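Please put together the full structure from these sequences, using the hints given.
One letter stands for each residue in the lines below.
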Amino acid sequence: AQSVTQPDIHITVSEGASLELRCNYSYGATPYLFWYVQSPGQGLQLLLKYFSGDTLVQGIKGFEAEFKRSQSSFNLRKPSVHWSDAAEYFCAVVPGSSYKLIFGSGTRLLVRP
Amino acid sequence: EAQVTQNPRYLITVTGKKLTVTCSQNMNHEYMSWYRQDPGLGLRQIYYSMNVEVTDKGDVPEGYKVSRKEKRNFPLILESPSPNQTSLYFCASSTPGTGYGELFFGEGSRLTVL
Chain A
7 AQSVTQPDIH
17 ITVSEGASLE
27 LRCNYSYGAT
37 PYLFWYVQSP
47 GQGLQLLLKY
57 FSGDTLVQGI
67 KGFEAEFKRS
77 QSSFNLRKPS
87 VHWSDAAEYF
97 CAVVPGSSYK
107 LIFGSGTRLL
117 VRP
Chain B
4 EAQVTQNPRY
14 LITVTGKKLT
24 VTCSQNMNHE
34 YMSWYRQDPG
44 LGLRQIYYSM
54 NVEVTDKGDV
64 PEGYKVSRKE
74 KRNFPLILES
84 PSPNQTSLYF
94 CASSTPGTGY
104 GELFFGEGSR
114 LTVL
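Chains A and B supply the protein sequences, listed in that same order. Under the working numbering, think of the first position of the first sequence as 7, with each following residue one higher. Under the working numbering, think of the first position of the second sequence as 4, with each following residue one higher.
None of these hints come from the bench; they were simulated from the model. Note that this is a predicted model, so its numbers are computed, not measured. Note that the Cβ used here is the ideal one computed from N, Cα and C, for glycine as well. Treat the hints with care, since some could be wrong.
[Stated by the list, open to error] DSS-like mimics (lysine-lysine), calculated; alpha carbons at most 27 Å apart, straight line:
(1) Lys20(B) with Lys106(A)
(2) Lys106(A) with Lys74(B)
(3) Lys68(B) with Lys20(B)
(4) Lys55(A) with Lys60(B)
[Said to hold, decoys possible] In silico negatives: residues of chain B with every beta carbon more than 12 Å from chain A:
(5) Gln9
(6) Pro11
(7) Asn76
[As the list claims (entries may be wrong)] Now the stretches of chain B that chain A is said to cover, found in silico as 3 or more residues with beta-carbon under 8 Å:
(8) 40-47
(9) 63-71
(10) 108-115
Structure representation (structure tokens):
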């Protein structure tokens with residue numbers, strides 16, 4: 007079945023440490039790819055997006071993501087996490103054959119002082 | 004300021020009492036959508052609208068209705084709410100340029116049905 011998978015429900019990192027959140031999708035054609043962040047009590051905000059071209063994309067708040075076609079992955083990274091990055095992160099996909107955004111189930115990031 | 008505004012932000016109601024959650028956007032977006040968010044399930048699309056008078060079902064439309072009489076407004080109607088509709092609801096809008104994937108979200112409406 008077509009899906010978006012975020013295998014980690016929770017991740018805890020220390021402030022200042024690096025971060026990688028995983029996302030895999032199972033759609034045939036290269037889809038449009040997105041990462042959203044949801045801070046507590048807030049709506050979702052777009053962090054970054056990939057449509058085509060350079061497979062390493064930069065986003066807001068110092069985040070980046072790399073599209074790997076061979077692995078059907080779009081992992082989110084940040085070199086040094088800040089306490090304010092504690093939030094829930096959603097990977098999302100618009101499959102090439104539709105105009106509908108499909109969300110993963112989310113990864114909750116906790117940041118240790 | 005570009006924004007999507009939802010009301011009410013919080014609501015407690017009882018089974019069967021009709022309610023409407025309003026959504027308005029000021030970005031002249033053609034596309035609007037409603038999602039519900041439940042723990043462990045991510046966001047699931049309820050209904051969406053490609054433009055005025057054009058609406059379609061998402062993944063979980065049962066128990067909900069929508070209308071799109073004006074471009075800026077997209078209300079979500081629960082004709083006879085049930086406890087399984089207790090959830091956090093988000094309205095969002097977008098334009099075609101990103102395959103409707105670059106969504107602008109409201110702040111959410113937390114609904115409890117007793």
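Hint-by-hint comparison with the structure:
Restraint check for Lys20(B) and Lys106(A): the C-alpha separation of about 31 Å exceeds 27 Å, so the hint is violated. With a C-alpha separation of about 19 Å, the suggested pair Lys106(A) and Lys74(B) falls inside the 27 Å cut-off, and the hint holds. Restraint check: the Cα-Cα separation between Lys68(B) and Lys20(B) comes to about 14 Å, which is no more than 27 Å; the hinted pair holds. Annotation: proposed proximity of Lys55(A) to Lys60(B) holds, straight-line Cα distance about 25 Å (limit 27 Å).
Not every CB of chain A is more than 12 Å from the CB of Gln9(B) (nearest about 9 Å), against its label as outside the interface. For Pro11(B), the non-interface assignment is confirmed: its Cβ lies about 15 Å from the closest Cβ of chain A, beyond the 12 Å cut-off. The non-interface label for Asn76(B) is consistent with chain A: the shortest C-beta to C-beta separation is roughly 18 Å, beyond 12 Å. Three residues within the 8 Å Cβ limit are the bar, and the stretch 40-47 of chain B against chain A gives 5, so the coverage statement holds.
Counting residues of the stretch 63-71 of chain B whose CB lies closer than 8 Å to any CB of chain A gives 0, which falls below the minimum of 3, so the coverage claim is violated. Evaluation of the coverage hint for the stretch 108-115 of chain B: fulfilled, as 4 residues show C-beta separations to chain A shorter than 8 Å, against a requirement of three.
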